[in-house]
Amino acid sequence: MTWSDEELVAKSIRGDADSFNELVLRWERPIYALAYRTIGREEDARDVCQETFLRAFRALPGFRGQAKFSSWLYRIALNLCRDWIRRERRAPVVQPPEDVDLIELAASTEPAESIEDLVARKDLGRLVEKAMTLLPEEQRTAIVLKEYHGLTFQEIAELVGCPLSTVKTRLYQGLIVLRRELAKNSKATL
Amino acid sequence: MTEFSCGYGDDRDAAIVAFLYDEPDANPAERSSFEAHLRTCARCQADIASLRQVRAHLGRWSPPEPSFAIHNSQSTIQNPQPAIRNPEWSWRAIPVWAQVAAALLFLGVSAGLANIDIQYRGLTIRTGWSPRAAAVADTQPTSARSAVPAGTAPWRADIAALEQQLKSAIRAAQATQNTSMRTTSASASDADVVRRVRALVDESEKRQQRELALRLAELARDVTAQRQADMVKIDRTLGLVQNNVGIEVMKTREKMNQMDLIYRASQKQ
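Going down the list, the sequences are from chains S and C. Last residue of the first sequence: 190 (our numbering), numbering continuous. Last residue of the second sequence: 459 (our numbering), numbering continuous.
If we strip away everything but chain C, and leave its shape as in the complex, we get (with noise of 0.2 Å):
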């Protein structure tokens, strides 16, 4: 390669640089003597040139994709949710059997401190510090008690039957709300489960792919390796028994010389 002098001076590597990159905030004077050595320098031309192709080639040089970029992209599309989290304690966190479980345990202690009796059969529901002899009275069924006479307190039949008919609103509302429930938050969670199932599923899949990718390219590399290895080994072994056989041919040859000068001397005597 013929090598050409440039006399540009000792900021040419900067020049070079600065041309090549061509900032808008460059200073034009330095830009413009630049340019008008580079129409008579064949050697910074050819540096500018390559240096451009090696420029291009830079560009060829994409890092791998990250995973939890895709993992943030995915769940900003569909499922808002922040990259990070305030440090503070979520429910989100816990599965739902163990809320689920949190939540009764607090109503039976809440129940227990606040003398709260609750019995289902007789829907007996007592609320405050009421005195003990009290509670075990009231824990008789609510049909005895509405067998009291009318005469005697007439307001109890009044609340009976404000009883049987709020029973009856609130089987008819649950009745209704388990159903409503039950499908909508089936339909919502199966969803839910059916796509965060997928989207691991899909992960494994892609993971177990590039996992068998590396695996079969390893022993790919591994055979050949030990073919290359093997076929040495034999080329030696070859070699060695080769030799030895061509030392032995010698060997015979030799006494078989000597046999024939014996014999030809003892057929001259």
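Chain S on its own, in the form it takes in the complex (with noise of 0.2 Å):
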């Protein structure tokens, strides 16, 4: 049977750990997708997962389901993600190699894609990585939890705090960044 993330809080409160092992198991890979995405550095992202779950484990006996239990983790990574900027007091680095990962590309046993395709995909995603690094803490966040979370604008817009319009217009001046840096490497990389 398939215990919903609310079924599987009340458990956890009660003392379930195993429940809240599931819960873990659940939500760690967004979690860790969104904390990598946020500041882009994959030991660090991994490290505010980990801290994400810890500090919610703590807080669960005060969880009251005013939030769905994913806002509330959204939540508390978001939050640990932007104390992570503050410290570091910079823009987040993602430190993409500037080679194809070889061995990766050779572990790779998807039979659907070539290994071509296998490169411009990767070559792709690194322009992204890179071009999204270039946009500002608001405009990043809004669209990683819009375009890898599926949230919708009014979950943005009650997580980071700020009206349902602002949540659109951060979102159409990231994109129209993102364009327009995408085309430029694009150009340079042809």
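If you are wondering where the hints come from, they were derived from the structure by calculation, not from laboratory data. Note that the structure is a prediction, hence the values are computed from the model and not measured. A hint or two may mislead.
[As the list claims (entries may be wrong)] Computed spacing ranges between beta-carbons, pair by pair:
#1 S:A17 with C:P254: 25 to 33 Å
#2 S:T133 with C:M421: 31 to 39 Å
#3 S:E88 with C:R400: 22 to 30 Å
#4 S:E51 with C:S240: 37 to 45 Å
#5 C:S195 with S:R58: 53 to 61 Å
#6 S:R82 with C:I424: 48 to 56 Å
Note that beta-carbon positions come from the ideal geometry of N, C-alpha and C, so glycine has one too.
Make one complex out of these two single chains by using the hints.
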């Protein structure tokens, strides 16, 4: 039987550690992905992810279910990312390797994708990653939450604490910057 | 690039974003209004098309695989372990040899406290707070005690026989148990250890390969940079040499010209 997040939260609050572990297994990848796309460093993203669950575990008795568990978790993770960015006092730096990761390339056994396609996809992914680092934090967060986590405008607005129209404006402006940067980088690469 | 004008209004950006993401609970009136505008506005059409392409490109960016997620997924399939453990003290965290040592120590201390006297040769086990003198008397070999005449204490012979029976039964049980335990625990622990070692070796290999690839990439970069720097240096040095040679040649030519002039003048004279 598959329990909902809210049911697992209720069981965790009653002291069932396995339920919380189930929540961790369910949400660790999305939270890690959010942290990585926000701060751009693998190690730190992993730390943020673990710290997110640790804080959630500690704060679980105080969770009253006003928001969805996932929104609550996202908020904790975003706050930690924000702290990280402030602490580092710099824009998030994504450190893509200069060359294609040959080992990963060789290890990939995706039959539908040729090596050329894989390289092209990786190159494009790196261009996107690089372009994302140029966005201001607010725009980047809005795009990450919308594009990769499928949150609604309203959910993003509640999560980051701004009006709904501001979310749309941030998204638009962010996408325009990305369009410009991707066009620039694509030309430079070709 | 031709720039078209758009007269949609101040909320154009929001309308484009709403149209682009097409949320199910979006305002239908706003959407149909923008759709009507879109049919006639080339600028908005171009924007929508290009931003759709940006969104398609965004889908190509995936973060690197987190190592903790791999561990968790493996452990969940094979041996479910809690991702966050209860902050309780756990025996699992302590190695087996330490657990055995602790158990022996505990037994020894308990035996000392309870005044238990255990002697293997005579299989004398005595418990309770018995006086020392009685203990000394009881430590005599059982063979001596069993040799007591049956007439003086008839129950002693029964006890001795029972003792012998118990001894042989215990020995047989121990032998069987030891054999079975050795085989089962050895096979179970061996499989576990092999699995763990294999996982560790795999992980280590992957790490080393990654490190090697990174080092190779760094090395290649360094070599390229060094080669470029050397080439620039060689170019500069060659340029300097050429300049010097050119200057020397010019000087020599000038001298030769002067000498030629002097020679011609002397010839005329």
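Would you list, in rising numerical order, the hints stated earlier that this structure does not obey?
Result: no hint breaks.
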